[in-house]
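Engineer: Using the sequences provided together with the hints, build the complete structure.
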Amino acid sequence: MVDFTPDEMMTIAASRLLTNEDVCFVGIGAPSAACNVARLTHAPDITLIYESGTLGTAPDVLPLSIGDGELCDTAVTTVSVPEMFRYWLQGGHVTVGFLGAAQIDKFGNLNTTVIGDYHNPKIRLPGGGGAPEIATSAQQVFITSKQALRGMVEAVDFYTSLGHGTGGNDREDTYGVKTKGPTALITDLALWKPDPETKEFTIVSIHKGVTRDDLQATCGWTIKYADNVSETPVPTELELTTLRDLQARTAAAHSGK
Amino acid sequence: MVDFTPDEMMTIAASRLLTNEDVCFVGIGAPSAACNVARLTHAPDITLIYESGTLGTAPDVLPLSIGDGELCDTAVTTVSVPEMFRYWLQGGHVTVGFLGAAQIDKFGNLNTTVIGDYHNPKIRLPGGGGAPEIATSAQQVFITSKQALRGMVEAVDFYTSLGHGTGGNDREDTYGVKTKGPTALITDLALWKPDPETKEFTIVSIHKGVTRDDLQATCGWTIKYADNVSETPVPTELELTTLRDLQARTAAAHSGK
Amino acid sequence: MSLQDAVAKYIKDGQLIALEGFTHLIPHAAAHEIIRQGRKDLTAIRMTPDIIYDQMVGMGCIKKLIFSFMGNPGVGLLKRVRDSIEHEYPRGITYEEYSHSAMANAYEAGAAGLPCAIFRGFLGADLAKVNPNIKHVVCPFTGEKLAAIPSVQPEVTIIHAQRANKRGEVLIEGIIGIQKEAVLCAQKAIVTVEEIVDDFDDMHPNTCILPHFVVDAICVVPGGAHPSYTHNYYQRDNVAYKEWAKISADRDLFAKWMEDNVMNVGPEVFEGRVAHLRGAK
Amino acid sequence: MSLQDAVAKYIKDGQLIALEGFTHLIPHAAAHEIIRQGRKDLTAIRMTPDIIYDQMVGMGCIKKLIFSFMGNPGVGLLKRVRDSIEHEYPRGITYEEYSHSAMANAYEAGAAGLPCAIFRGFLGADLAKVNPNIKHVVCPFTGEKLAAIPSVQPEVTIIHAQRANKRGEVLIEGIIGIQKEAVLCAQKAIVTVEEIVDDFDDMHPNTCILPHFVVDAICVVPGGAHPSYTHNYYQRDNVAYKEWAKISADRDLFAKWMEDNVMNVGPEVFEGRVAHLRGAK
Chain A
1 MVDFTPDEMM
11 TIAASRLLTN
21 EDVCFVGIGA
31 PSAACNVARL
41 THAPDITLIY
51 ESGTLGTAPD
61 VLPLSIGDGE
71 LCDTAVTTVS
81 VPEMFRYWLQ
91 GGHVTVGFLG
101 AAQIDKFGNL
111 NTTVIGDYHN
121 PKIRLPGGGG
131 APEIATSAQQ
141 VFITSKQALR
151 GMVEAVDFYT
161 SLGHGTGGND
171 REDTYGVKTK
181 GPTALITDLA
191 LWKPDPETKE
201 FTIVSIHKGV
211 TRDDLQATCG
221 WTIKYADNVS
231 ETPVPTELEL
241 TTLRDLQART
251 AAAHSGK
Chain B
1001 MVDFTPDEMM
1011 TIAASRLLTN
1021 EDVCFVGIGA
1031 PSAACNVARL
1041 THAPDITLIY
1051 ESGTLGTAPD
1061 VLPLSIGDGE
1071 LCDTAVTTVS
1081 VPEMFRYWLQ
1091 GGHVTVGFLG
1101 AAQIDKFGNL
1111 NTTVIGDYHN
1121 PKIRLPGGGG
1131 APEIATSAQQ
1141 VFITSKQALR
1151 GMVEAVDFYT
1161 SLGHGTGGND
1171 REDTYGVKTK
1181 GPTALITDLA
1191 LWKPDPETKE
1201 FTIVSIHKGV
1211 TRDDLQATCG
1221 WTIKYADNVS
1231 ETPVPTELEL
1241 TTLRDLQART
1251 AAAHSGK
Chain C
2001 MSLQDAVAKY
2011 IKDGQLIALE
2021 GFTHLIPHAA
2031 AHEIIRQGRK
2041 DLTAIRMTPD
2051 IIYDQMVGMG
2061 CIKKLIFSFM
2071 GNPGVGLLKR
2081 VRDSIEHEYP
2091 RGITYEEYSH
2101 SAMANAYEAG
2111 AAGLPCAIFR
2121 GFLGADLAKV
2131 NPNIKHVVCP
2141 FTGEKLAAIP
2151 SVQPEVTIIH
2161 AQRANKRGEV
2171 LIEGIIGIQK
2181 EAVLCAQKAI
2191 VTVEEIVDDF
2201 DDMHPNTCIL
2211 PHFVVDAICV
2221 VPGGAHPSYT
2231 HNYYQRDNVA
2241 YKEWAKISAD
2251 RDLFAKWMED
2261 NVMNVGPEVF
2271 EGRVAHLRGA
2281 K
Chain D
3001 MSLQDAVAKY
3011 IKDGQLIALE
3021 GFTHLIPHAA
3031 AHEIIRQGRK
3041 DLTAIRMTPD
3051 IIYDQMVGMG
3061 CIKKLIFSFM
3071 GNPGVGLLKR
3081 VRDSIEHEYP
3091 RGITYEEYSH
3101 SAMANAYEAG
3111 AAGLPCAIFR
3121 GFLGADLAKV
3131 NPNIKHVVCP
3141 FTGEKLAAIP
3151 SVQPEVTIIH
3161 AQRANKRGEV
3171 LIEGIIGIQK
3181 EAVLCAQKAI
3191 VTVEEIVDDF
3201 DDMHPNTCIL
3211 PHFVVDAICV
3221 VPGGAHPSYT
3231 HNYYQRDNVA
3241 YKEWAKISAD
3251 RDLFAKWMED
3261 NVMNVGPEVF
3271 EGRVAHLRGA
3281 K
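Keeping their order, the protein sequence lines are chains A, B, C and D.
If you use this note's numbering, the first sequence corresponds to residues 1 to 257, in order.
If you use this note's numbering, the second sequence corresponds to residues 1001 to 1257, in order.
If you use this note's numbering, the third sequence corresponds to residues 2001 to 2281, in order.
If you use this note's numbering, the fourth sequence corresponds to residues 3001 to 3281, in order.
Honestly, the hints are just simulated from the structure, not real lab data.
Predicted, not measured: the structure shown is a model, and the values here were computed from it.
For every residue, glycine included, the Cβ atom is placed at its ideal position computed from N, Cα and C.
A hint or two may mislead.
Distance condition first, Cα-Cα at most 25 angstroms in a straight line; then the derived SDA-like pairs of lysine to any residue [what the hints assert, rightly or not]:
#1 A:180 <-> D:3142
#2 B:1193 <-> B:1231
#3 D:3145 <-> C:2142
#4 D:3129 <-> A:173
Derived list of chain B stretches under chain C, where covered just means 3 residues or more per stretch with a C-beta under 8 angstroms from a C-beta of chain C [said to hold, decoys possible]:
#5 1043-1049
#6 1064-1074
#7 1188-1200
Computed Cβ-Cβ distance ranges for the label pairs, DEER-style [claimed, not checked]:
#8 C:2041 <-> B:1213: 52 to 58 angstroms
#9 C:2198 <-> A:7: 51 to 57 angstroms
#10 C:2076 <-> D:3278: 39 to 45 angstroms
#11 C:2271 <-> D:3279: 43 to 49 angstroms
#12 A:226 <-> C:2041: 47 to 53 angstroms
#13 B:1249 <-> C:2197: 31 to 37 angstroms
#14 C:2136 <-> D:3002: 47 to 53 angstroms
#15 A:195 <-> D:3092: 42 to 48 angstroms
#16 A:221 <-> D:3089: 33 to 39 angstroms
#17 D:3002 <-> B:1198: 49 to 55 angstroms
Structural biologist: Rendered as structure tokens:
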């Protein structure tokens, strides 16, 4: 068996959730890597959309930004940004929206806007970008996040994007949102899915070598576990090679060659 | 001097109102001929837009429909129909909208929808097409029409598109429309412009050989004349040759060659 | 999929459907297939109901039209539609009428997944008085009263396009009209194409291409837009448009023409109809 | 027109301006010219205020930002903007914040001449609580509550594009982003281009081309998007983006960098900066 890092496990666990039929609205970083690993392994026909307007892209190298030339060169077509948000996202064609965040709570509400008060910020973060509408227009949302106490918090300082709100049916009852919302949280330590009733994220599978103490030490709320918690299958040779090759090509390209 | 028909005079008189700086939203028939004669004579840089999405087109042959291939082949670019109406017309870039009608009243209100009652039509006409919004979004409107009692009426059966309403400032006061509306009516017998105060169309120039009796006999309202009525300059050799060549090329093309 | 199978599978009596193509790329072959299969009580949306809806109305397939300009472009009126409206022959139809700007906005809003479209329209226009679906909203920033209309959301849209590739993507170029929006606003989409090619390599990056996941059936029907045209394949048959005025004006002549040219033939005849129109373009 | 003359003629202190380019075609050379000419009190719109607005904020040109994502894409935060927001250095700025979808809709509505944009947005998002310009309208057909925001209507927009022709038309291709809308919604538009060619013959018919009558100034600045990129001309300088994190993090290093690379040079330096990035693409 090959060695792998927690980051690699996170990316590969996320990639496994994607299918050939998915139309993914992809963010930069771990989501981009996960989507492209899926495309290069078990889901060659997956459709990847980046908010810059590239539809059905198949980059050989991971983009640094969501608008790198590589995305356009390999896309089925490239549309304007208004069209991307109006027709493709709001129009309901995106099956999976991939989000990350600086803060996440146990219901998958995300904050990428501000730490502290909005009008008197302690740390001003980049803001929502596409997230507020990806969170509600995509048919479901996958979230990737490294576990850490400052990131996985009891309550986010700011709802940049809606998850399951205060849990249960709050998402639809309070906000009228009919899409599924967050259906998976993939961290560097575990795979989480929302409880069918409460919608609180519960751990369904733990990555190899990780203990329940490790998990709780890096999470700001008291963790709940699903009835049957399994061990996440370790990366296959193919998955790991695909991810590492992709990252090596990317590093070479971004270093200016 | 060469002979010419009233139709030719109408088209040429209309063409003279256009300038190099104009961006014209062109309908089919006389407007299309007038715009292209202008382009081929004194206004080579005029921008012609057809509602099918062709922007800056320069057809060698007059189109039979507003979406003939010739228009696309010679256009600067061809955009979607929603873009045409949203960005280019409603966005305020059209300096002249060219309209015709089955019925017109003395304030330039037009009817291409129905003769008789809307719900129980005597004659059902094609409808408005682009006209309702061309009439209010174009910076000004030129109207071409052959004079006839059934066409030039005291009151149109249906306001397909707004002219000056009931006259005066009705256009802005009642409907909030800030564009100029109809600024010229070009018929086969005369050139009409709205009175600055009442906005009623008054004759400013009469085509050669036409009498005031001819004019009144073909118009359903009592005609008013501007203080100084001139004779419309007859077509020049260049104007007439340009128009006839254009029509000959068109006839050849549309006969299936 | 064959056009016969696609129409049989997706088009049902009583549906809300749209056949689009703005002068260019009008799906005539698909309309003929719907007529041949005897569909009834359709509510049919189309900005410019020209010959195809004249034929469908004349054959009694349609109970309601939603439209913005009803004419044989550059030629005249649609006599079968008029006969239906003015004399209820072969049946009466109702209609819901807009302007081009309104319809374009309504398709755009449908593609954008919105329930309504907002635009500056119908100012001083009587259509707003006779169509109860023309309402208004007030801009919360300026107080301006803007027209509001329901978005277009057909059960099925049919369009014609240049070609598809083996991945099921569809290329549309030239006068693209309202076709992309018509497909995106529909629950199901059928596309007839001139041909299927291996791939779309070397296309301009911003070309109008529909990805496979928004198209439900692709049917190869060469010439399928005739007498409309397909940019880069064949020209518009202006002669046929002019002849339609005569055919459509007479009930018996119309019936005979439909019998000979629609009912007793199949989609394969379209290829021959455009043979003399290929070439230059 | 030279870029110096265009900025001098059209950009005035206190204006509402937009510099657009969605990762691709970012008008860096024009931003530097604005900085060099010492413009102040600008309200600056941009979906993604990245390095150019970090530089303009750091040099004190901007009093207010209107935006939806503020970061060095793929790299990190904008340290000059943060320093301005968190410590009022070199001056405090205010900001009005939206989402990408909101800004895209607001540009689209501006291009369409509308006072506001309507979309399905900000559901359960706190921005709607802190930005008083996020309001709502109710669909008159379904009762759905939709987000409404003011359209974008800048006094001047600046973009970078591939090329213009002698008739003053401008070609944009590749990731076209929000550039067409940004030009159409503005009162005046300045476009920097890589080159001017005789004509655009043999372009695909649906290519994004701006006609001459919506462009007020065309300035030739080869490399003018660097470290952003120009599709078909040169690649993105990812190394420069990564280096910016270090420069921007330190007030003195920033000041020195701006002095050397902006204040004491002119638009002509951009051509050299992209020399090593031409080729493959």
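Engineer: If a hint holds in the structure, say so; if it does not, say that too.
Structural biologist: Consistency of the hints with the structure:
1. A:180 <-> D:3142: Cα-Cα ~22 angstroms, so holds.
2. B:1193 <-> B:1231: holds (14 angstroms)
3. D:3145 <-> C:2142: holds (19 angstroms)
4. D:3129 <-> A:173: holds (19 angstroms)
5. 1043-1049: violated (count 0)
6. 1064-1074: Since 9 is at least three, the answer is holds.
7. 1188-1200: This one is violated; 0 residues, fewer than the three required, reach chain C with a Cβ under 8 angstroms.
8. C:2041 <-> B:1213: 52 to 58 angstroms: holds (55 angstroms)
9. C:2198 <-> A:7: 51 to 57 angstroms: violated (39 angstroms)
10. C:2076 <-> D:3278: 39 to 45 angstroms: Given about 57 angstroms between the Cβ atoms, the range is violated.
11. C:2271 <-> D:3279: 43 to 49 angstroms: At 46 angstroms between Cβs, range holds.
12. A:226 <-> C:2041: 47 to 53 angstroms: holds (51 angstroms)
13. B:1249 <-> C:2197: 31 to 37 angstroms: For residue 2197 (chain C) against residue 1249 (chain B), whose Cβ atoms are near 35 angstroms apart, the range 31 to 37 angstroms holds.
14. C:2136 <-> D:3002: 47 to 53 angstroms: Given a distance of about 48 angstroms, which is inside 47 to 53 angstroms, the answer is holds.
15. A:195 <-> D:3092: 42 to 48 angstroms: holds (45 angstroms)
16. A:221 <-> D:3089: 33 to 39 angstroms: holds (37 angstroms)
17. D:3002 <-> B:1198: 49 to 55 angstroms: Given about 51 angstroms between the Cβ atoms, the range holds.
In this structure, the hints that do not hold are numbers 5, 7, 9 and 10, in rising order.
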